[in-house]
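A.B. asks: Single-letter residue listing:
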Amino acid sequence: MRVALKNNSLTLFFTVMFVGTLLGHTVAGWKAFNEKQLEHDSPTISWARYLVSSDFGEAMLENWQSEYLQFTLFILVTVWLVQRGSNESKVPEDIGLESDAKQLIGRHAQRNSPVWAKVGGWRTAIYSNSLLLVMAGIFFGSWFAQSVTGWTEYNADQQDHGEETVSWTGYLLRPDFWEKTLQNWQSEFLAVATMAIFTVYLRQRGSPESKPVGAPHNQTASSG
Amino acid sequence: MILTRILFYAYIAIAVAGIVLYVVVGLTHN
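Note that the protein sequences, when read in sequence, are chains A and B. Each residue of the first sequence is one higher than the last, beginning at 53 in the working numbering. Each residue of the second sequence is one higher than the last, beginning at 77 in the working numbering.
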């Protein structure tokens, strides 16, 4: 059991952080929501009711979608784009999808390779892109969920102010949707570009997110 | 590897549940 916990400590640590901060978000969001309700002489709601509100769903999912977009794009573009000297990049000689031999697929698969890497055909084609497909699926799904919860919130606001409501497609053209989308995207792109370029010159001893402390600045892709 | 597999499917479930729940919440105007 102790070995299992140690072997999964990275995911478990972030699971605890995720659950803790999500709970904190629900409480803080609920209290902020009720403060606004009181300001408008509207009835307050319970915490459980707030959990299944568009107000909470939109706030949560606008952050989810941007995180998954960041990783989806990073996984995709690092197939072809490189940053010389970065730990986040592969070496320029490896640009592209790489050979079957290097990727250990088909007849180059090892005895303990995943079955779908060995069999060839459509299954190997799907498995070869499975990380990207799942991450992109979660990105588009959470972005869609942000749009429908945001649409409901937007229309509730419009009704409160005696103004006309809009269709879902109409909401997609409103600045409200794009302000909430782009404010999250810009921070993700800033962070990922920073990580790509900082790991050329900066180090963290012992971290696989960094090159070894003594690795030269022009050495690319060498976790240590 | 059992815990690893549990964590993998848990994260798939979290993503799917979060998306489906709030698509329903949004579409039913809650």
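Please keep in mind that the hints were generated in silico from the structure rather than gathered at the bench. This one's a predicted model, so the numbers in the text were calculated from it and none came from an experiment. Where is the CB? At the ideal position from N, CA and C, for every residue including glycine. One should not assume that every hint holds.
Said to hold, decoys possible - Simulated coverage check for chain A against chain B, where a stretch passes if three residues somewhere in it have a Cβ under 8 Å from a Cβ of chain B:
{"id": "1", "region": "100-107"}
{"id": "2", "region": "112-123"}
Said to hold, decoys possible - Residues from chain A that keep clear of chain B, each with C-beta distances beyond 10 Å, as calculated:
{"id": "3", "residue": "Leu-57"}
{"id": "4", "residue": "Leu-64"}
{"id": "5", "residue": "Leu-75"}
{"id": "6", "residue": "Asp-93"}
{"id": "7", "residue": "Ile-178"}
{"id": "8", "residue": "Val-186"}
{"id": "9", "residue": "Ser-194"}
{"id": "10", "residue": "Phe-196"}
{"id": "11", "residue": "Ala-197"}
{"id": "12", "residue": "Val-200"}
{"id": "13", "residue": "Asn-207"}
{"id": "14", "residue": "Phe-241"}
{"id": "15", "residue": "Ser-262"}
A.B. asks: Now look at each hint and say whether the structure bears it out.
C.D. replies: Hint by hint, here is what the structure shows:
{"no.": "1", "hint": "100-107", "result": "holds (count 3)"}
{"no.": "2", "hint": "112-123", "result": "holds (count 3)"}
{"no.": "3", "hint": "Leu-57", "result": "violated (8 Å)"}
{"no.": "4", "hint": "Leu-64", "result": "violated (7 Å)"}
{"no.": "5", "hint": "Leu-75", "result": "holds (14 Å)"}
{"no.": "6", "hint": "Asp-93", "result": "holds (21 Å)"}
{"no.": "7", "hint": "Ile-178", "result": "holds (16 Å)"}
{"no.": "8", "hint": "Val-186", "result": "violated (8 Å)"}
{"no.": "9", "hint": "Ser-194", "result": "violated (6 Å)"}
{"no.": "10", "hint": "Phe-196", "result": "violated (7 Å)"}
{"no.": "11", "hint": "Ala-197", "result": "violated (4 Å)"}
{"no.": "12", "hint": "Val-200", "result": "violated (3 Å)"}
{"no.": "13", "hint": "Asn-207", "result": "violated (7 Å)"}
{"no.": "14", "hint": "Phe-241", "result": "holds (22 Å)"}
{"no.": "15", "hint": "Ser-262", "result": "holds (25 Å)"}
Hints 3, 4, 8, 9, 10, 11, 12 and 13, counting from the list given before, are not met by this structure.
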